[in-house]
Amino acid sequence: MSLMFTCDDKATLVAYLYDELDAQARLRVDEHLRQCAACAADVGALAGVRIELTQWAAPNVELGVTVVRAGAPPPSATVLRPVPWWNTVPVWAQAVAAILVLAVSAAIANVQVKSGPEGFVVSTGWMTSTAGSVAPAVVPAPAGDAQWRPALIALEQKLRDGIRANKETGTVRAASRSEVDNATMARVRVLLEASETKQNRELAFRMTQLMGDINVQRRADLLRVEQAIGHTGVEVAKQRQQLNYVIRASTVPHE
Amino acid sequence: MAGDAESFNQLVLRWERPIYALAYRVIGRDEDARDVAQETFLRAFRALPGFKGQAKFSSWLYRIALNLCRDWIRRKKRTPVVQMPEDMDVIEMAADRGPVESIEDLVARNEMSRIVAEGMKLLPDEQRTAIVLKEYHGLTFQEIADLQGCPLSTVKTRLYQGLSVLRKHLESQGMTSFASGRAS
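Chains as they are written, first to last, in our numbering: chain L, 1 to 255; chain B, 1 to 184.
Worth flagging that the hints you see were computed from the coordinates, not collected in a lab.
Treat the hints loosely; a few may be bogus.
Pairs of lysine-lysine residues, derived as PhoX-like cross-links and limited to a Cα-Cα distance of at most 25 Å, are as follows [claimed, not checked]:
# : chain 1 : residue 1 : chain 2 : residue 2
1 : B       : 121       : B       : 77
2 : L       : 10        : B       : 56
3 : B       : 77        : L       : 10
Partner residues aside, some chain L positions facing chain B, computed with beta carbon under 7 Å [as the list claims (entries may be wrong)]:
#  : residue
4  : 9
5  : 45
6  : 46
7  : 49
8  : 53
9  : 55
10 : 63
11 : 65
12 : 66
Glycine included, every Cβ here is placed at the ideal spot set by N, Cα and C.
Take the sequences, apply the hints, and build the full model.
As structure tokens, then:
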């Protein structure tokens, strides 16, 4: 920017008008405006235009734009179903339980897998082996029971602890869900109120528009009536003239 | 993704009125401004993953909205203008008119607003947009220059010329009371 402000520097004048000049440049413009009546009048008029522009208000509308995922299910927070008990047990505990059941079943059924010249042979039950081809049972049943029992008791205890812990967590979860419920209900209420307000506003707007249309229609009808009355008046005047003429003609004595 | 939609809806709530007002003042029609605003948010949501925050979110939205307004104005200019026959009765036309909204019905609630709206319609699109962004959205010259893709000096020229045209229009309507004012 030059040191002196000149009258044709409209860019600086606009920056002055919108107060986007640094302090020094503003001082220079101020000084110029004190001496130049034309620029001072220009700035004053444009500032006045800015004031008038504030009168132009855009309608206060609510678009109600909401982004919703296509095919998204309704929020699940509104419908709460009881959680099945097996969902409260951790996966690891379920896996351990499954293995335990399988192992106990195998022990009870006395499953034996043997590999021999006939290939793999799977046998169950407590039958005695027939020939010497099959070796006696590797682990006698009573000895097996003795080994499994402490492990079984420990696992059972672990499972019970796990289930108890999950029940407590489930209680907390239910409480938080009720909070979610309350929040959802509050939001629904807010949405309903907003919808009602919007409908009222729309109704008021439509009523205003309707009144405007009725007014235009009324003026048009009045114009038509006036035109019709004027037309009828001319016809009546013509008929009256003709009648007068006939009367005059009929009363003039024949010579 | 659901979280994205939820967050974005909060942004919509914050910006829907400014974006609608921008579109309304630039293109001057309520219904079309609504469409432009809705389309703006739709496009913004689709492009959200590409928004890296290098610009202000508002500037980004304004840019999308202004591009849509520009498209609308181009389409409108291509639409053939129907001339009114000389023997057509304007009052009858007005009386037969359905509940189609016009700019006057919607915005110009009073005489002053109507006159200002008329004056804005006289301006070229670039001048009107610059004035709208400056006066009603408070953008800086630089922000307007970025949005309009023009030099800073061009923005100032557009503002000066636009305000001068409005000044003449207001004076022609008998509104000369402001001529003696001074800038603050």
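Status of each hint after checking the structure:
no.: 1; hint: B:121 x B:77; verdict: holds, 14 Å
no.: 2; hint: L:10 x B:56; verdict: violated, 29 Å
no.: 3; hint: B:77 x L:10; verdict: violated, 31 Å
no.: 4; hint: 9; verdict: violated, 10 Å
no.: 5; hint: 45; verdict: holds, 5 Å
no.: 6; hint: 46; verdict: holds, 5 Å
no.: 7; hint: 49; verdict: holds, 5 Å
no.: 8; hint: 53; verdict: holds, 5 Å
no.: 9; hint: 55; verdict: holds, 4 Å
no.: 10; hint: 63; verdict: holds, 5 Å
no.: 11; hint: 65; verdict: holds, 5 Å
no.: 12; hint: 66; verdict: holds, 5 Å
Going through the hint list in order, the structure does not satisfy hints 2, 3, 4.
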